[in-house]
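In the working numbering, the protein residues as written are 13 to 155.
In case anyone wonders, no lab produced these hints; they're calculated from the structure. Hints may be right or wrong, so weigh each one.
The list that follows gives simulated cross-link-like pairs (lysine to aspartate or glutamate, DMTMM-like), each with its CA atoms no further than 20 Å apart [as the list claims (entries may be wrong)]:
(1) Lys59 - Asp128
(2) Lys88 - Glu141
(3) Lys40 - Asp28
(4) Lys99 - Asp58
(5) Lys88 - Asp28
(6) Lys40 - Asp19
(7) Lys99 - Glu56
(8) Lys40 - Glu25
(9) Lys59 - Glu25
(10) Lys99 - Asp138
(11) Lys40 - Asp70
(12) Lys88 - Asp138
(13) Lys40 - Glu73
Cβ-Cβ distance ranges computed for the label pairs, FRET-style [unchecked claim]:
(14) Pro101 - Thr21: 44 to 52 Å
(15) Asp16 - Gly133: 22 to 30 Å
(16) Leu23 - Ile109: 22 to 30 Å
(17) Ser108 - Asp138: 29 to 37 Å
(18) Pro33 - Asp58: 36 to 44 Å
(19) Ser108 - Thr151: 16 to 24 Å
(20) Arg57 - Ile153: 16 to 24 Å
(21) Ala95 - Arg57: 26 to 34 Å
(22) Arg57 - Glu25: 31 to 39 Å
(23) Arg45 - Gly133: 17 to 25 Å
Glycine residues also receive a C-beta, built at the ideal position from the N, C-alpha and C atoms.
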Amino acid sequence: MQLDAIDQTLLAELRDNARCPMALLARKVGLSRTAVQARITRLERDKVITGYGARTGDAYEQSQVSAHVMLTVGPKLTGTVEAALRKIPEVRSLLSISGTYDMIAIVQAGSIERLDALIDGIGLLDGVERTHTSVVLSTRIQR
13 MQLDAIDQTL LAELRDNARC PMALLARKVG LSRTAVQARI TRLERDKVIT
63 GYGARTGDAY EQSQVSAHVM LTVGPKLTGT VEAALRKIPE VRSLLSISGT
113 YDMIAIVQAG SIERLDALID GIGLLDGVER THTSVVLSTR IQR
């Protein structure tokens, strides 16, 4: 789907603040509130925007330990592993990748001890053959 510059600006603004008032969005893109609402409705209908969520603040994020867990998954077991990882709330994102590993799970835990247990649990899931974990030391750019 091709989005024009106004759609891209609306997406960027909503990513930054999903609760941004329609009037402010309209001023930022130079359209009427009605036109902006129609565009957002179209973006939702076309599944460009599929939901809105809460972003956590810096203080909370700094209290968490994040890691990237690379996984090698057994043949034809990707669906099984994905289903199991969906049930783990500390798994923030799951990416299918090319290369040595099949997936990367982005995880976040409240302590090193919880992260250690989480990684052990992921490694024990049916279908996971091997894991390799990199703990995130700092976030340089977040968009």
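Against the structure, the hints come out as follows:
1. Simply put, Lys59 and Asp128 have alpha-carbon atoms about 37 Å apart, too far for the 20 Å limit, and the pair is violated.
2. A distance of roughly 12 Å separates the Cα atoms of Lys88 and Glu141; the hinted pair therefore holds under the 20 Å criterion.
3. For the proposed pair Lys40 and Asp28, the alpha carbon gap of about 13 Å is at most 20 Å, so the pair holds.
4. Between Lys99 and Asp58 the alpha-carbon distance is near 28 Å, which puts this suggested pair outside the 20 Å criterion.
5. Using a Cα cut-off of 20 Å, the hinted pair Lys88 and Asp28 is violated, with the two alpha carbons roughly 38 Å apart.
6. The hinted pair formed by Lys40 and Asp19 meets the criterion: a straight-line CA distance of about 12 Å does not exceed 20 Å.
7. As the CA atoms of Lys99 and Glu56 are separated by approximately 26 Å, the hinted pair breaks the 20 Å bound.
8. About 9 Å separates the Cα atoms of Lys40 and Glu25, which keeps this hinted pair within 20 Å; it holds.
9. Of the pairs offered as hints, the one joining Lys59 and Glu25 holds, with about 17 Å between alpha carbons and a cut-off of 20 Å not exceeded.
10. Restraint check for Lys99 and Asp138: satisfied, since their Cα atoms lie roughly 14 Å apart, inside the 20 Å limit.
11. Proximity of Lys40 to Asp70 is assessed by CA-CA distance (about 26 Å); at most 20 Å being required, the pair is judged violated.
12. The straight-line distance between the Cα atoms of Lys88 and Asp138 is roughly 12 Å, inside the 20 Å bound, and the hint therefore holds.
13. Distance check on the hinted pair: Lys40 and Glu73 sit about 29 Å apart at the alpha-carbon level, beyond 20 Å; violated.
14. One distance hint, 44 to 52 Å for the beta-carbon pair Pro101 and Thr21, is violated here, with the actual separation near 33 Å.
15. Our hint of 22 to 30 Å for Asp16 and Gly133 is violated, since their Cβ atoms are close to 45 Å apart.
16. As the Cβ distance of Leu23 to Ile109 is approximately 24 Å, the hint placing it in 22 to 30 Å holds.
17. For Ser108 paired with Asp138, a C-beta distance near 18 Å fails the hint of 29 to 37 Å.
18. A hinted range of 36 to 44 Å for the beta carbons of Pro33 and Asp58 is inconsistent with their spacing of about 23 Å.
19. Roughly 23 Å separates the CB atoms of Ser108 and Thr151, a value that falls within the hinted 16 to 24 Å.
20. The supplied range of 16 to 24 Å is broken by Arg57 and Ile153, whose beta-carbon atoms lie about 31 Å from each other.
21. Judged by the Cβ atoms, the range 26 to 34 Å given for Ala95 and Arg57 holds: they are separated by roughly 29 Å.
22. The given range of 31 to 39 Å is broken by Arg57 and Glu25, whose C-beta atoms sit roughly 19 Å from each other.
23. At about 48 Å, the CB distance of Arg45 to Gly133 disagrees with the hint of 17 to 25 Å.
Hints 1, 4, 5, 7, 11, 13, 14, 15, 17, 18, 20, 22, 23 from the earlier list are contradicted by this structure; the remaining hints agree with it.
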